[in-house]
Amino acid sequence: AQTIHQWPVAEIKAVGSPLSLGCTIKGKSSPNLYWYWQATGGTLQQLFYSITVGQVESVVQLNLSASRPKDDQFILSTEKLLLSHSGFYLCAWRTQNYAEQFFGPGTRLTVL
Amino acid sequence: QQKVQQSPESLIVPEGAMTSLNCTFSDSASQYFAWYRQHSGKAPKALMSIFSNGEKEEGRFTIHLNKASLHFSLHIRDSQPSDSALYLCAVSLRATGGNNKLTFGQGTVLSVIP
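Protein sequences appear in the order of chains A and B. The letter at position 7 of the first sequence is residue 7 when you use this note's numbering, and the numbering goes up by one with no holes. The letter at position 19 of the second sequence is residue 19 when you use this note's numbering, and the numbering goes up by one with no holes.
Excised from the complex, chain B in its bound form (with noise of 0.2 Å):
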């Protein structure tokens, strides 16, 4: 059963610094990886995903996958407040068809300072 597990599991940074969150998985045969911003009482929504090794830059958001280390990250250049949220990574044996089943990470809590 594949497992998720986040780090730190909170964080609290100042604005405009950088902010790293890690994730690991458990299972090498694992093709979608994504992670997930939740505002408090809200829905999450996806931020970013990737399908393969590498990096992704969106905007201030960069995601990068190593599956030889099961490994990958969410780095925000230039936090802001507005970014203070829960953080959930996600990923999937399969990214098509059927239940391709999300397991979640446990979380990492962000505050950003101004």
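Bound-form chain A, shown alone (with noise of 0.2 Å):
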């Protein structure tokens, strides 16, 4: 069975700070990633998606980067945190032949 794990589980974090969120996979080999952020109740909004290791697609500029270091890995960043980036930040995934994406459990991000 797969399993979607995300880290930190929450984060409290000072404006201007770097940030790190993590990604893991496991069970299911090659599959389509995505990062997600929903405002506090809000709709969710797609950030970056990613179909292959080392290739990563930017769909919202928000002053974020996401990179894909292994097959089942997803890392969000920022070198500098905004007010803004307070939220839920979800991880999904997907196979090639299939719609459906399945969530991770999440990271809440509060930026004091």
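Just so you know, the hints here were simulated from the structure itself, not pulled from any lab data.
No more than 25 Å apart at the CA atoms, straight line, and that leaves these computed lysine to any residue pairs for SDA-like:
1. A:K80 - A:A14
2. A:K28 - B:S49
3. B:K101 - A:G27
4. B:K101 - A:G42
5. B:K3 - A:Q45
Per the computed footprint, the stretches of chain A lying under chain B, defined by three or more beta-carbons under 8 Å from a beta-carbon of chain B, are:
6. 34-43
7. 93-102
All of these numbers come straight from a predicted model, not from anything done at the bench. For glycine and all other residues, C-beta sits at the position ideal for the given N, C-alpha and C.
Hey, can you piece these two chains together into the complex? The hints should help.
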């Protein structure tokens, strides 16, 4: 069975500080991977997607970057956090042949 | 750019009632239509999806799609307090391959009162 983990579970960071969020998928080779951002109680905004190792496409410019260093790993980062980065960050995966996306448990980020 | 709108924004129903949630989309070439449910503080999880016009029923849940009207809906029969959650509709232009970008609606908050 496939499992998806995100770390950390929650972060409280200062404006201007760096950030790195991680996502790992086990039990599925070559998944399509996604990063989403969700404001409190709001809709899901897709940030990045990756079809293969080393290849990441940006969907929305929010002063964030993403990388896929391994087949099962997706990293979201920034060198300088803004207040507007606060929210719920979700990683998701899907196979090439099926549209449904499966979400990880998420990371709650608070920027002060 | 695909636009997806949900109605109502929030809904309070008594236990046992029928609940109806609506979603409209803007691109008639869309191929994948889904409802996701998200309990407070948790990850969204797909409830049901449909690819072609018509209805599909799974237990207490029914999804209905009318592509000509650019509209699909979710109906919950015999609503339970455990159904209380944020419901997000999602639409994609492609069902498979590449980045089938899912565009989500803004969500409907459902509260089922015992």
